[in-house]
Amino acid sequence: MIEIGGVYTVWLREMIRYFRQKERIVATLTMPVFWLLIFGGSLRASVDVGGIDYRSFISPGVVAMSLMFTSVFSGVSIIWDRELGFMKEMLVSPVSRLSIVVGKALGTATTSLIQGIMVMLIAILLGLKVGLATFLLTVPLMLLISIGLVGIGISIGSLMNNVEGFQLIMNFIVMPMFFLSGALFPISNLPPTLKLITYLDPLTYAVELLRHVLIGISSIPFAISLFVVIGFSVLMMVLSAWLFSRRG
Amino acid sequence: MDIIEVKGLTKTFNKGFIAVDGITFSIKKGEIFGFLGPNGAGKTTTISILCTLLKPTSGKAAVCGYDADSEQNKVRKCIGVVFQDMTLDDRLTARENLELHARLYGIPKSEREKRIDEVLGIVGLKDRENSIVKTFSGGMQRRLEIARGLIHYPQVLFLDEPTLGLDPQTRKHVWEYIVMLKRDYDMTIFLTTHYMEEADELCDRIAIIEHGKIIAIDTPRKLKDSLGGDTIVLDVDDKDTEKALKTFKGAKRFDGQIILSVRNAGREIGKVLERCRENKINVIEANIRKPALNDVFLKLTGREIREEEVGLREQLRRRRTMGGHGR
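Sequence lines, in order, name chains A and B.
Heads up, the first sequence is in numbering that gives the first Met the number 0, so the first residue is 0 and it goes up one at a time.
Heads up, the second sequence is in numbering that gives the first Met the number 0, so the first residue is 0 and it goes up one at a time.
Worth flagging that the hints you see were computed from the coordinates, not collected in a lab.
Just so we're clear, the structure is a prediction, and the values are computed from it rather than from any experiment.
Glycine included, C-beta positions come from ideal geometry on N, C-alpha and C.
Keep in mind that the hints are not guaranteed to be accurate.
Straight-line C-alpha distance at most 27 angstroms; calculated BS3-like pairs for lysine-lysine [claimed, not checked]:
#	chain 1	residue 1	chain 2	residue 2
1	A	Lys-87	B	Lys-248
2	A	Lys-87	B	Lys-28
3	B	Lys-76	A	Lys-87
4	A	Lys-21	B	Lys-248
5	B	Lys-108	A	Lys-87
6	A	Lys-87	B	Lys-221
7	A	Lys-87	B	Lys-223
8	B	Lys-125	A	Lys-87
9	A	Lys-87	B	Lys-73
10	B	Lys-221	B	Lys-108
11	B	Lys-245	B	Lys-212
Quick list of the computed label-pair ranges, beta carbon to beta carbon [unchecked claim]:
#	chain 1	residue 1	chain 2	residue 2	range
12	A	Phe-171	B	Glu-200	52 to 58 angstroms
13	A	Leu-28	B	Ile-131	22 to 28 angstroms
14	A	Phe-134	B	Gly-105	35 to 41 angstroms
15	A	Leu-11	B	Ile-17	57 to 63 angstroms
16	A	Arg-19	B	Lys-28	52 to 58 angstroms
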């Protein structure tokens, strides 16, 4: 069902495309930098999050945000593949649908991981204190988080027929997921209703996971966050594979 | 057993539209077979089914001895496809596109380089192998797509409107490649076109398709012979048109002109003009036409395949292609 060669080929294409668009890499780094520099820098004097520097507090959240933006949008890019035709080239080849979707997901997750590492390096430059061991530990976690988020992108991309719904995804899925995730505030102090909503947001657990590893605090126990993130990634992979193959 | 066998193939889309309506045909190994018909006749739908991209509603289609519906992977391995719309990755170089294709078809590393060089040579793009596809002209992109379709040595090559939107010179080049593939590689080629002269020039056999049905299938020679000879085209005064139709049995009217089918136009035109004079039909101009496929189509359907019948999609594609620049 899955051909390693096929998966690798689809992955390879994503890599070549990613590294060829250097200006896009720079562009996608500007948003996280703005959040860390302007938002984090301006609020750190007036916001108290349990004695921790506010910019360091939001750093894991901004890393998670950049993982999400890259993953969801690259996942949705299968619409472009369809529109511009390359999808047909893959569909008519002897590579199975499952291999195509897995290759696409792994390729996108890899680019997202590279993006996340770059954002983390910027956060470190701006004062986040992280040891090498911790830094390395976040790599598999970021990859895991990305896979779940790519699944969201591919699922949406399989359901949509054209690129016009792009802005809609931005406004109704990506932005709310980011703002409700506790990336910018501690969820333990929230009013009950809002707290419940943040618990329903899968990105919350990703942020908690990274925050626990990077700065040692979290509102949700590490094991629960890890369990939810793994479960969500598996679920999204299965869903996106099914939606993509069904459309075939 | 023939390399492509299609029996009672039907494809109905959601809204009840019947794109392909119970067609039956077969193609022999090494043949260049053409599907000729106007846009929307069902050509692309048929190709899509044979290439396993669409499931048939009913009927059977077998390619290389495998069922196109239930043995998709086996079919995919033995065919090459050049689609009507561009399916290259235009951010990659020509060589990268070919390499991805070779990998998708599981061609071992030792063979890959050699075959890529070979197909680049066939379509004459060796000197541009490291250019980004976006910078290619429409003709170069098409040639690259043909090259790509050949890397895995397919037994059958499908070409959907291979010369659509190309300038006459590039079109001639593409024709040469197609003939060469048949001659040197004994490849079976299935192509669709709405260009009469393309079908006439290239194909060993042609199926004329309209409204999802095959209305004629034969060699170009026999199709033309079936017209019963030459054509005389009379341009007469408007007021005399009806009279002319009555005078000549079996005459047809097309575009305000009178069309007569005769065995030998050169010999009979004198008699025809004499009868016009006798019946006081004022002839402005008389022309002799040797049979062309266009006349076959006209005779079968009562209308011509119009070349300006180009869909919106194609216009968009052309515009996109125009963005790139040629050599």
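Is the hinted pair Lys-87 (chain A) and Lys-248 (chain B) satisfied, with a Cα-Cα distance of at most 27 angstroms?
-> Cα-Cα ~52 angstroms, so violated.
Note whether the CB distance of Arg-19 (chain A) and Lys-28 (chain B) lies within 52 to 58 angstroms or breaks it.
-> Violated - the Cβ-Cβ distance for Arg-19 (chain A) and Lys-28 (chain B), about 42 angstroms, lies outside 52 to 58 angstroms.
For the pair supplied as a hint, Lys-21 (chain A) and Lys-248 (chain B), confirm whether the alpha-carbon distance does not exceed 27 angstroms.
-> It is violated: about 73 angstroms lies between the C-alpha atoms, which goes past 27 angstroms.
Taken at face value, is the distance from the CA of Lys-87 (chain A) to the CA of Lys-76 (chain B) at most 27 angstroms?
-> 15 angstroms, holds
Restraint status (C-alpha distance of Lys-87 (chain A) to Lys-221 (chain B) at most 27 angstroms) = Measuring from Cα to Cα gives roughly 37 angstroms; hence the hint is violated.
Given the hint that Lys-221 (chain B) pairs with Lys-108 (chain B), does the C-alpha gap stay at or below 27 angstroms?
-> 47 angstroms, violated
Is it true that the C-beta distance of Leu-28 (chain A) to Ile-131 (chain B) lies inside 22 to 28 angstroms, as the hint says?
-> 24 angstroms, holds
Holds or violated: Lys-245 (chain B) with Lys-212 (chain B), Cα cutoff 27 angstroms?
-> With a Cα-Cα distance of about 32 angstroms, the restraint between Lys-245 (chain B) and Lys-212 (chain B) is violated, given a limit of 27 angstroms.
Hint check for Gly-105 (chain B) and Phe-134 (chain A) - Cβ pair distance inside 35 to 41 angstroms = 38 angstroms, holds
Taking only the CA atoms, is the gap from Lys-125 (chain B) to Lys-87 (chain A) under or equal to 27 angstroms?
-> The hint holds at about 25 angstroms.
That 57 to 63 angstroms hint for Leu-11 (chain A) and Ile-17 (chain B) (C-beta), does it hold up?
-> Given about 42 angstroms between the Cβ atoms, the range is violated.
Below or equal to 27 angstroms on CA atoms is what counts here, so check Lys-87 (chain A) against Lys-73 (chain B).
-> 17 angstroms, holds
Against the hints set out earlier in the document, violations occur for numbers 1, 4, 6, 7, 10, 11, 15 and 16.
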